[in-house]
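Student: Chains as they are written, first to last, in numbering that gives the first Met the number 0: chain S, 0 to 150; chain H, 0 to 150.
Keep in mind the hints are simulated off the structure, nothing from the lab.
Cβ atoms here follow ideal geometry from the backbone N, Cα and C, with glycine treated the same way.
Among these hints, one or two may not hold up.
[Claimed, not checked] Which stretches of chain H does chain S cover? Using the computed rule of at least three CB atoms under 8 Å from a CB of chain S, they are:
| hint | segment |
| --- | --- |
| 1 | 13-21 |
| 2 | 74-83 |
| 3 | 108-122 |
2 protein chains.
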Amino acid sequence: MKILLLHSDYIEYEVKKKTRLAEPFEGKGERVDEALVVFISVEKGDTEDTALKAVEEISEVAKKVNAEKVVLYPYAHLSSNLADPETAVKLLKFMEEKLSSSFEVHRSPFGWYKAFKISCKGHPLSELSREIKGEDIEVTQALRDEEKAKS
Amino acid sequence: MKILLLHSDYIEYEVKKKTRLAEPFEGKGERVDEALVVFISVEKGDTEDTALKAVEEISEVAKKVNAEKVVLYPYAHLSSNLADPETAVKLLKFMEEKLSSSFEVHRSPFGWYKAFKISCKGHPLSELSREIKGEDIEVTQALRDEEKAKS
Ligand SMILES: [Mg+2]
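Start from the sequences, fold in the hints, and give me the full structure.
Tutor: Pasting the structure below:
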């Protein structure tokens, strides 16, 4: 699983068109202010265990930046090794449920073309990425460089 | 090299803070309307040849969506195998120069924390990604799925 976490003033999205893989969705979209927006590629081999590790990472970052809201935004462009749509939707729903005990959670629908507007705050923790594998979490090089830069 | 191409109503960014890897930059930021915004991770092993292939891909997409402006936006979060900063900046400048013969090109500075706002249009070609390797261009699974969906 690959995730990109953006601490945002707002995100606003609107569904435009279904892809063949679209999950059922009746709404038009929504706007969420002051949120940690998490773009997510669920990858082949990801399990509930992977998803739980992602939930821990997301929770930790949300707490650090004082975000009370989390937006889960399925995003196919972070990986070239995507899980099948059924698994992806299942794990996204699982993450939504787990995060809901601590945060106000919003989940945008899987498999739709969407227009979106986002405003990323720009402080040093406002853009982070993680690669979460079966066994452990790979902190991406960008973060390693940030961490080095701080040391 | 990994690139994420967003056909956008606008992008607006503001530099916030240098990282250790920052290239010199005197401005505050800028806003570009009606642009193809290209988020770019330059990777270890990328050469001018890789960059030229990326320029071809970017040009092709810009023409398809009728974008006259291209924004090159260095983005560390698309890869965990980043090139060193000198190579990255050198290839980004090279791409800027090559694209300038056909487009109005803007390049945001490398190695700065930046706040940004973007509005992605949401039509089927408004979000694409490519992985460009020495030998050939890997169309990501997301695009393959889109292409299958259309067939
Ligand atoms: Mg879109």
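Student: None of the hints should be skipped; say for each whether it holds.
Tutor: Do the hints match the structure? See the list:
1. 13-21: Held - the segment 13-21 of chain H has 6 residues with a Cβ nearer than 8 Å to chain S, which meets the minimum of three.
2. 74-83: Answer holds; 7 residues pass the 8 Å Cβ test.
3. 108-122: holds (count 11)
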